[in-house]
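Visitor: Below are the chains, spelled out letter by letter.
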Amino acid sequence: MDFGSVIGIVMSIGLILLANKMEGGHIESLLLGTAALIVFGGTAGACILQFPTNRIMGSVKGAISVFFRKKLDPNPTIAQIVEFAKRARREGILALEKEIDNVKDPFFAKALRMAIDGLEPKTLLETMETEMETVETEADFQMKFWEAAGGYAPTVGILGAVLGLIHVMANLNDPSKLGGGIATAFVATVYGVGLANLVCLPFASKIKFNAKADAIVREIELKGVLLIQEGVNHSIIEEQLKSYLDDKMKKKYEAQTAKGGA
Amino acid sequence: MDFGSVIGIVMSIGLILLANKMEGGHIESLLLGTAALIVFGGTAGACILQFPTNRIMGSVKGAISVFFRKKLDPNPTIAQIVEFAKRARREGILALEKEIDNVKDPFFAKALRMAIDGLEPKTLLETMETEMETVETEADFQMKFWEAAGGYAPTVGILGAVLGLIHVMANLNDPSKLGGGIATAFVATVYGVGLANLVCLPFASKIKFNAKADAIVREIELKGVLLIQEGVNHSIIEEQLKSYLDDKMKKKYEAQTAKGGA
Amino acid sequence: MDFGSVIGIVMSIGLILLANKMEGGHIESLLLGTAALIVFGGTAGACILQFPTNRIMGSVKGAISVFFRKKLDPNPTIAQIVEFAKRARREGILALEKEIDNVKDPFFAKALRMAIDGLEPKTLLETMETEMETVETEADFQMKFWEAAGGYAPTVGILGAVLGLIHVMANLNDPSKLGGGIATAFVATVYGVGLANLVCLPFASKIKFNAKADAIVREIELKGVLLIQEGVNHSIIEEQLKSYLDDKMKKKYEAQTAKGGA
Amino acid sequence: MDFGSVIGIVMSIGLILLANKMEGGHIESLLLGTAALIVFGGTAGACILQFPTNRIMGSVKGAISVFFRKKLDPNPTIAQIVEFAKRARREGILALEKEIDNVKDPFFAKALRMAIDGLEPKTLLETMETEMETVETEADFQMKFWEAAGGYAPTVGILGAVLGLIHVMANLNDPSKLGGGIATAFVATVYGVGLANLVCLPFASKIKFNAKADAIVREIELKGVLLIQEGVNHSIIEEQLKSYLDDKMKKKYEAQTAKGGA
Amino acid sequence: MDFGSVIGIVMSIGLILLANKMEGGHIESLLLGTAALIVFGGTAGACILQFPTNRIMGSVKGAISVFFRKKLDPNPTIAQIVEFAKRARREGILALEKEIDNVKDPFFAKALRMAIDGLEPKTLLETMETEMETVETEADFQMKFWEAAGGYAPTVGILGAVLGLIHVMANLNDPSKLGGGIATAFVATVYGVGLANLVCLPFASKIKFNAKADAIVREIELKGVLLIQEGVNHSIIEEQLKSYLDDKMKKKYEAQTAKGGA
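Residue numbers (my numbering), protein chains in the order written: chain A, 454 to 715; chain B, 454 to 715; chain C, 454 to 715; chain D, 454 to 715; chain E, 454 to 715.
Pulled out of the complex, with its shape left as it was, chain A reads as follows (with noise of 0.2 Å):
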């Protein structure tokens, strides 16, 4: 579970609740289906228009990933990678056949599984290329999901607003009526906001941040491989993935393989 994510939305809609009771608001007053019904309503549809069908569903996984996720760790990658370099080195790559049950993320079985039936490099490292486009593809579709919805959102949370108002400005005759009608008018505006800024657009980047870091493992996955094909060294092949790694990851990795090594 990812604790960040559930604090950052509990803080965000908590504090502002807070303060406006604090000032004396009335959340009550803030309920409004109606308002709702337009801005959950009106988003939902437009984003559901724009979308290919099979997407949508791709995008609730993606929110439901900003909370949980299986997150590919470098450091046990590389670790891995290392070992296999030193047992191909000793004992050929097709040794590396029984390891392949021990690969967890099925982009690295595959292919390691193409290095060791002998594929050629070049159509090694381009069928790995187009299966990481692939993955990027639809991590990338969940990412404009929430952006746009975070588009769409305050617009039609405007729309709502003016929607109000037209209804409010055309019954002027009794002023009395005429600030509750506002008040109402601009929840819509609460909501379009609210929805895009604390939830939809930290969620569009949230997806996105994380196919990044996933990306920079299958890297390290399949750069490793490669190293492994042309048979380096397996002190340079860890030299050259840990520049992968930032410092702080780098110094776990290194006391993670010290305390390994002891």
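Identical chains blur together in the list; that is why a pair holds if it fits in one copy or across any two.
Below, in silico cross-link-like pairs of lysine to aspartate or glutamate (EDC-like), each with a Cα-Cα straight-line distance of 20 Å or less:
no., residue 1, residue 2
1, Lys-703, Glu-586
2, Lys-703, Asp-526
3, Lys-661, Glu-591
4, Lys-557, Glu-589
5, Lys-539, Asp-554
None of these hints come from the bench; they were simulated from the model.
Position chains B, C, D and E against the provided structure of chain A, taking the given hints into account.
Guide: Using the frame of chain A, we list chains B, C, D and E on its own:
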């Protein structure tokens, strides 16, 4: 027929009107010929001025394709390419001559014909890539038309609202008409914002997504023909082309070929 | 003459004024010299400050080209290249010397002359690509001028409105003049938003689209000359150049050559 | 002196003030020290925070260059390169040693010196391209400074207006002061929007356009030196370098060289 | 300490508050806990939701680096590389082993170590470029965090204002409280717009500019090591690395080396 598109557009416009009705609004007060004339006329005029005349009809086709379109399916295409590869290895590439009539996509047929005619891979690749760009340019124009319309509509709507407000303000001496006048002025904004966000911008994105989906199938076809021409083994071709499929499609492909092979 | 451009601009401005009249507005109340002075003067001044002096006249030419322009037609160009290819294969590339006078586009003539003069393909390609970039830079400046104008106009319009409102607000003691003053202030907004969305931005896009259409013809010409120089067979050249045409143009080309060949 | 820049800035600000006067506005009411303090101080502070300290002075230089700048002229440069090419073919590249003092642009002189010193073309190209990037980075910073200022000014203007409105609203019990207060608050908006659109953004664009024009001359110089080093014929060099000139410049060049050759 | 950053932030916020005071505003009326809770809490929450948890601390580090940072200086780096090149030509590259401890930047040390260990230039280049990308990704996250905060703050500020207005409008029956209520509602806008434009966005840009300045030094280091490995003459290396310096830095470098050589 693309049911997602129908559901999306009906849902967004329907729910907004429903919510407006529930709040006591009158749909009649939103029907205003002059506002429609301003928003639709102004937006259409700006787009007609902006786009080359021979592209205007294309954009109408693009709008139709949002609801009705013949989608290219990658799975039978890959299966067909694998069949062709087997046959070409057995009987030579000339044997594919008889298969050309079974090829539905003219792009695929043209690439295959060039391979059978013995053109160099470089010429084939260059020609077919130009062909792909030409097709993508057409889709791009359709997309840009609706994007442009989605950009003009809200500003033209604001133009309409300001024109209405000028009219109202110039007659401020009769305050009883103020509210009604402002309400009327706002209807142009509703039309502009609604047209842009519930119709034009989603249309533009859908056209782009559809074009991209077709482009991937064309990439598979071109890659396939080039690999057949190179004389690559059919199971490697299959593996390489399958990397264009996402997980769901891959499973479907495997299920289909398993059934087909049974 | 580009009738689409004429229809577009007349349609957008005409329909908006018509709708305004139908709603009871007076066109006279929209004619306001000071607002025009602010919006047109301010926008023109900002553009003159922004653009190199030798590009200002070019932007006027660009505006004229929106309505009147000599468009390059790809179909006769391809037909001509195919003729040249046939002749060059029969009689040698020097035989094209006599044909140069029949070439209308100076870009095409220059490329052909370089090929006849026996320059290396690499030098020819480099020189003509620089030439293309130079032409595209000119069109780009025209486009950017109108885009910039379209960016400044609405903000200058708002500036005019705020100046008007300041004037109105400072004299708030006579409320009877309030409405009229606000109305007048808003006219600058109408001018700014209208100028940008009904004139400047569509101009910019049209100029860009026209430049791109011409660029494709130039690409065909350059590609054609290079293929002639390589001594490629004329039917392959035809096939390769036809891939630049969209479906409608392709059919037209085939109809024309069929008729021409009869 | 760049007269276009002077005319542009005088025209936009002058005409707007003139129109304001014609409508009965008082220029004194637009002179407001506190609004100026907010807009200029806030914008300058944000820019100083944003930019590296050693780039601040460069942006002042950039602003000066909008009005006064020594522009590189491509035509004499090409003529000089052609002369050098002739001489290098006749007397060897070392003969250009004596010509270096006649070269005004230090960039050109450095490239020529490296060619005379017999450095490899690859090293020469790499070094001079880095040099070009360094120069372009400087211009880029100047441009970005004014672009950033143009981005901050209107929002700081709005900040000033909102601060003014808060002050007005808190003292609503005396309605006679309402109008004047709002008018004063709006002056900050006028300053912000005007500063951005009539000064900062046009400055940024002009700096960019000027830098691009100089970059093209530097490209001509670098290309010329490389062609001289290769020992290419001077008339081919001339033809190749002329492709960087637009039509007007080309005609001017031909007129000048015809006169020079007479 | 980066004095420019301190001056910038003190100047913008200070002058705005001063001007507000001069106009008769009370700073107390701008201190509003609930508005601060909404803007800071909402913005922070959205950012925490958006960014991977392990990047949040990095963004705090980024903010600190705006005021305090250890900047890489290109001039001593170039001088050191030139020294290394001389020594490597005289005594062989292994002689640099003893110099590694004098190298401060770990990136430079790693590149040098790889060259001494005799790794192939291609492997060295690839590894160090990945290393650079990893460092740039870290800076990019810091930059994007503040950019995102600068994007959310104003909209959350508007959200706060609308919530305040809803509260005011719902209690319109007591008009004497209207002004104060609106004033309070506007404070959230001031916080949002100010936070974004005077803090977050300038932070983001400064972080980016600093990262780019460091990246240039790393490019110099990498280029230098590769040229030493190639065995290039030290004066050519010096010339080539100096092309990364702008005019001011070049003069400073020449002054320093002249003094050093004396």
